[in-house]
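Please build the complex by placing chain B on the supplied structure of chain A, with the hints as guidance.
Residue numbers (our numbering), protein chains in the order written: chain A, 1 to 208; chain B, 1 to 208.
Heads up, the list lumps identical chains together, so a pair's fine if it works in one copy or across two of them.
Below, a list of computed lysine-lysine pairs in the PhoX-like style, where the Cα atoms sit at most 20 Å apart:
#, residue 1, residue 2
1, Lys113, Lys35
2, Lys126, Lys113
3, Lys89, Lys155
4, Lys22, Lys2
5, Lys22, Lys155
6, Lys46, Lys89
7, Lys2, Lys46
8, Lys35, Lys46
9, Lys126, Lys174
In case anyone wonders, no lab produced these hints; they're calculated from the structure.
Owing to the predicted nature of the structure, the values given are computational and were not obtained by experimental measurement.
2 protein chains.
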Amino acid sequence: MKLYTYFRSSAAYRVRIALNLKNIPHELAAVNLLKSEQQATPYTDKNPQGLLPALETTQGVLAQSLAILEWLEETHPDTPLLPSNSWEKAQVRSFCYAIASDIHPIDNLRVLKYLSGELAATDEQKNTWYRHWIIEGFSSLEATLGEHAYCFGDKPSLADICLVPQVFNALRFKVDMSLYPKISAIYARCNSLQAFIDAAPENQPDAQ
Amino acid sequence: MKLYTYFRSSAAYRVRIALNLKNIPHELAAVNLLKSEQQATPYTDKNPQGLLPALETTQGVLAQSLAILEWLEETHPDTPLLPSNSWEKAQVRSFCYAIASDIHPIDNLRVLKYLSGELAATDEQKNTWYRHWIIEGFSSLEATLGEHAYCFGDKPSLADICLVPQVFNALRFKVDMSLYPKISAIYARCNSLQAFIDAAPENQPDAQ
Chain A
1 MKLYTYFRSS
11 AAYRVRIALN
21 LKNIPHELAA
31 VNLLKSEQQA
41 TPYTDKNPQG
51 LLPALETTQG
61 VLAQSLAILE
71 WLEETHPDTP
81 LLPSNSWEKA
91 QVRSFCYAIA
101 SDIHPIDNLR
111 VLKYLSGELA
121 ATDEQKNTWY
131 RHWIIEGFSS
141 LEATLGEHAY
151 CFGDKPSLAD
161 ICLVPQVFNA
171 LRFKVDMSLY
181 PKISAIYARC
191 NSLQAFIDAA
201 PENQPDAQ
Chain B
1 MKLYTYFRSS
11 AAYRVRIALN
21 LKNIPHELAA
31 VNLLKSEQQA
41 TPYTDKNPQG
51 LLPALETTQG
61 VLAQSLAILE
71 WLEETHPDTP
81 LLPSNSWEKA
91 QVRSFCYAIA
101 SDIHPIDNLR
111 VLKYLSGELA
121 ATDEQKNTWY
131 RHWIIEGFSS
141 LEATLGEHAY
151 CFGDKPSLAD
161 ICLVPQVFNA
171 LRFKVDMSLY
181 PKISAIYARC
191 NSLQAFIDAA
201 PENQPDAQ
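One chain only, chain A, in its complex shape:
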């Protein structure tokens, strides 16, 4: 398998964590978002959506990080990242989508570019926007978390895989994480695991 990735893409970061947790052999192919390489050939020949990440497999190319995570879970069930119980699984997915749909896409680089371009937003307005959607999302997620070591129990799940890259972004944009002690504790715990460490942006071959 080959993962098309960019060191600071949080959607790619999610897949890197899952590949590591499941010990799936893979190679990384860097696509530079700052140079808009994801919107040009040869990458768009692989993924017409023009977004990162994409996973190249023997069956073809799969786009969208959550679709990749679900597919990895189905085809590589060792080290499960979803509970087997349907209702518990639904709660984990709900947590994931609250990040992957309702925080991250609104703060995506292409949206920030639109804000500063077409809408002439200042850097300060852009940073406030960025923090606003994280704060909205984290406030409600913090309230739903129990007293477990990870988001849902004593092992990392897809919820933690979605949470950690979003916290990384929050710290980068100076969100006050002391407001979210449970999220912060889970973040620290995940980042003590080798699979998360190896997937971190600063440890990628294309890190700048």
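Chain B only, in chain A's frame:
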């Protein structure tokens, strides 16, 4: 089951279609987005995320439309809405997320409110924004569609369930749908089915 819904919420619209396609008995409880009822009690007692939809079941309340759709699919496998083959399933999910993560949340009412409030965007700027993210998304999705009656084959799937509400929004905001003949044909075909007709915004008890 009780679905918390608003007639024009596209995420709620998705779940309404699925409940109808699967013939699952349910009641609807209207939550008025224009009055921000989703951000206040009693609704936030049910769904702390403060977003629509949420599904109340005998096991508890489930938030996030995609999590609800996946849970309905697992617990009510009649009239399947996902292929059984893992790779095909992954393609359907990828299509869904391209809408549910990369179009819809950026055009959500709360984002539009932020644009006109904090960023003082004009109505024209807001409408251009709205259309921009649909056009970006639909252009690549149109290119991935084959020559099937529905998005993936001869029966509706979760892909069609995500697509139809997004086309409804596109038409409302006057996106030139003639650019997307395959999407338009699928939209028309879905809207000839009773399950889609009954789920349409204009046919909801809370329609204004």
